[in-house]
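Protein chains: 2
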Amino acid sequence: MNKDLENKIEKVLTRGVAKIIKKDNLKKKLESGKILRIKHGVDPTTPDLHLGYAVVYRKLKQLQDLGHKIVFLIGDFTGRFGDPTDKEESREMRSKDEVKKLAKNYIGQLGKILDIDKVEIRYNGEWYDKMSAEKLLRLMSKFTVRRMLERDMFQERDKKGLEIGLHETVYPILQGYDSVVLESDITVIGSDQEFNELQGRKIQKIEKQKPQDLIIMPLITGTDGKEKMSQSLGNYIGITEEPNSMFGKIMSIPDNLIINYFELCTDIPMDEIKETKEGMDNEKINPRDAKIKLAEEIVKIYHGEEKARKAKEYFISTFSEKKIPDDVPKQVVEWTDALDSYQNIVGFIVSAGLAKSKSDARRKVEQGGVSIDGEKTVWSRILTKEDDGKVKKIGKKDFVRIVFKD
Amino acid sequence: MNKDLENKIEKVLTRGVAKIIKKDNLKKKLESGKILRIKHGVDPTTPDLHLGYAVVYRKLKQLQDLGHKIVFLIGDFTGRFGDPTDKEESREMRSKDEVKKLAKNYIGQLGKILDIDKVEIRYNGEWYDKMSAEKLLRLMSKFTVRRMLERDMFQERDKKGLEIGLHETVYPILQGYDSVVLESDITVIGSDQEFNELQGRKIQKIEKQKPQDLIIMPLITGTDGKEKMSQSLGNYIGITEEPNSMFGKIMSIPDNLIINYFELCTDIPMDEIKETKEGMDNEKINPRDAKIKLAEEIVKIYHGEEKARKAKEYFISTFSEKKIPDDVPKQVVEWTDALDSYQNIVGFIVSAGLAKSKSDARRKVEQGGVSIDGEKTVWSRILTKEDDGKVKKIGKKDFVRIVFKD
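Top to bottom, those sequences are chains R and U. In case it helps, the numbering used here puts the first sequence at residues 1 to 406. In case it helps, the numbering used here puts the second sequence at residues 407 to 812.
Okay, chain R solo, but in the shape it has when bound (with noise of 0.2 Å):
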């Protein structure tokens, strides 16, 4: 085996993962010439793939780069049961078309990262809708409820006294079967899948197969600081989002995660990340310097190196020299090109929470005390796309940076 090779595999193995089970096991599959299958999957709903998806897409890509074959598993009809709240309703389903779409959006945000033309996509509807009652009844006959309940997103629940539908119980060995039809030998995941695709390896033992290996990468905290990464809590960077916002967005994260950031977010070397991390600690390098190189390097994987570089500049040029904190995405508004009263300047003031009304909000502008970029505006003025990204300010300390919602 050449050096290069031996590099990437070891890079595989180690780089930004949480946990491999089984290490040994998965170093010879890498080693052994074969060309792997390695599954990943995920329900339709309609995200914004963030940075946090893309830790585990990043993996993937390191995989394909290697030769292996990338398996993405749609869970069409997984996605169909939802949380059993109102327990006397039937609840919706949605429909094969629905499921296409939302299929589509989130293929095509992962073609930022894999090359898509050589990842096998797979719908869990092509075995799942054919399975019989008796079937499903003897996968489940294998498990008991004690092992199913230890899964930790049940054991939480249970202490919050919230309920677990009995077809919960079912979907972490739905998962695990999915390994089955496909064949996988290594899974992708993140760590909140490690119990679920662990039932994956006990299937395939029952069915005879060799057991998947899973590569288990950590979640990334948020732009907050705080919480993991993640659409519901808005303390995401979208990889689609455009490079102003992203490149802003990723300036307003916390010093304490830009090592993280880079380790997981970015290709520069491990011994690079290393020597910045002791220039940080020992106060010769300014972590906001380190900063504008995490987000020039992550805008770069998005959006090519012009635009990263552009990015760079524009950030400088406003918030450097003007004054404005870096940490304006905290009152970010979304916004889209569908809510049409708000694309007056003053419906956003309101909509961004910065006034009681519009006529507060004209007022406000007509006092001359509303800017973007550090220009002074009129009421009448309409946003467009060419904002996205700028900051107004309102008053003498509200910020609020334009994002259009693509």
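Since the hints were made in silico from the structure, they are not lab data. Hints should not be assumed to be uniformly reliable.
Lysine-lysine pairs mimicking BS3-like chemistry, simulated, CA-CA at most 30 Å apart [stated by the list, open to error]:
(1) U/Lys611 / U/Lys428
(2) U/Lys467 / U/Lys566
(3) R/Lys293 / R/Lys310
(4) U/Lys614 / R/Lys159
(5) U/Lys541 / R/Lys96
(6) R/Lys135 / U/Lys614
(7) U/Lys536 / R/Lys96
(8) U/Lys467 / R/Lys135
With beta-carbon atoms standing in for the labels, derived distance ranges [as the list claims (entries may be wrong)]:
(9) R/Lys112 / U/Asp564: 29 to 39 Å
(10) U/Lys611 / R/Glu126: 30 to 40 Å
(11) U/Leu419 / R/Gln209: 53 to 63 Å
(12) U/Asp564 / R/Lys34: 42 to 52 Å
(13) R/Glu183 / U/Arg563: 33 to 43 Å
(14) U/Thr451 / R/Arg157: 52 to 62 Å
(15) U/Lys536 / R/Glu126: 15 to 25 Å
Glycine included, C-beta positions come from ideal geometry on N, C-alpha and C.
Following the hints, position chain U against chain R.
Frame of chain R; chain U shown alone:
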């Protein structure tokens, strides 16, 4: 409504009944004149139907006599899944032929109580063999783990640290869904089935059916006076047992069960039972006489008047006159034609645990200490079917009744 019908309905609603859900509703149904569908389900096993089963079947018979449709459900699908003791191994499945054979045996015995030609016999494989995994998951999604684990059987197992197979949590749902398919108006069950059939009410409501009412019958105590009557505990009186054996076993029950057996296992009017109770309470009736009447009544139900009379005569001449204690069945040895080696009297004595070895048994016989129904026997004596129900005396105090098991 005529008085006779009114009385019959009253009998259905009260005699021997442990609990009714919902009584008012059930009464209205019975008075409506509509032909009702009465579900009763069993899993295919190899039972000797005994008086414990008969408590339920005799209630079904009362309903059949009122013109209602008894729907006898054989769980050929549900019966395929056993207790998941060995979690890694797939368990044996009964073949359809085997199930049909078991069912035939079951139905044959049932014919001793119900007018079997009028019974609608169904197998739940009819719908579950066609059911999809998705439909099953949708049914499951109506229930929570917590609710299912409330079932007393599960609670007990959990306390003992025993495992519950995940598929077992689905049984109550399947049993409930049977009621939907069969459009059950009423189900008659033993008290251990209450939880499962209550799920049936719930699913019927979800499926926009009127929920079935439950007639819940008590589990009767076996001949040992301690445990509930059960085949595995050997404390049962089979409804196909030979008259002499049946009579003798009934004579062996403790006195405190006499009234309970009268109510649950005979058609003696309640007034008369009350009189017997009072008679025993104030010592005007000898419990042994009450028991002889009970035994004759029960044997009459399963074998007719003539055989019941003969069994009574046999009992009195053998036991009363020869001073053989009534409670001989405590040492009953089960006996089959297949066990050739025990058909010799010597082998039988060993199998009954009354001698340490065949030579010990032979010595006892040669010493003249072994008698059958009061007559001394020789060691070369071969037991035949004609000995069924006879009592063998060994030494001064060891009695054993010879029972052939068919």
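Going through the hints against the structure:
{"no.": "1", "hint": "U/Lys611 / U/Lys428", "verdict": "holds (14 Å)"}
{"no.": "2", "hint": "U/Lys467 / U/Lys566", "verdict": "violated (38 Å)"}
{"no.": "3", "hint": "R/Lys293 / R/Lys310", "verdict": "holds (13 Å)"}
{"no.": "4", "hint": "U/Lys614 / R/Lys159", "verdict": "violated (34 Å)"}
{"no.": "5", "hint": "U/Lys541 / R/Lys96", "verdict": "holds (17 Å)"}
{"no.": "6", "hint": "R/Lys135 / U/Lys614", "verdict": "holds (28 Å)"}
{"no.": "7", "hint": "U/Lys536 / R/Lys96", "verdict": "holds (22 Å)"}
{"no.": "8", "hint": "U/Lys467 / R/Lys135", "verdict": "violated (37 Å)"}
{"no.": "9", "hint": "R/Lys112 / U/Asp564: 29 to 39 Å", "verdict": "violated (49 Å)"}
{"no.": "10", "hint": "U/Lys611 / R/Glu126: 30 to 40 Å", "verdict": "holds (34 Å)"}
{"no.": "11", "hint": "U/Leu419 / R/Gln209: 53 to 63 Å", "verdict": "holds (58 Å)"}
{"no.": "12", "hint": "U/Asp564 / R/Lys34: 42 to 52 Å", "verdict": "holds (45 Å)"}
{"no.": "13", "hint": "R/Glu183 / U/Arg563: 33 to 43 Å", "verdict": "holds (36 Å)"}
{"no.": "14", "hint": "U/Thr451 / R/Arg157: 52 to 62 Å", "verdict": "violated (38 Å)"}
{"no.": "15", "hint": "U/Lys536 / R/Glu126: 15 to 25 Å", "verdict": "holds (20 Å)"}
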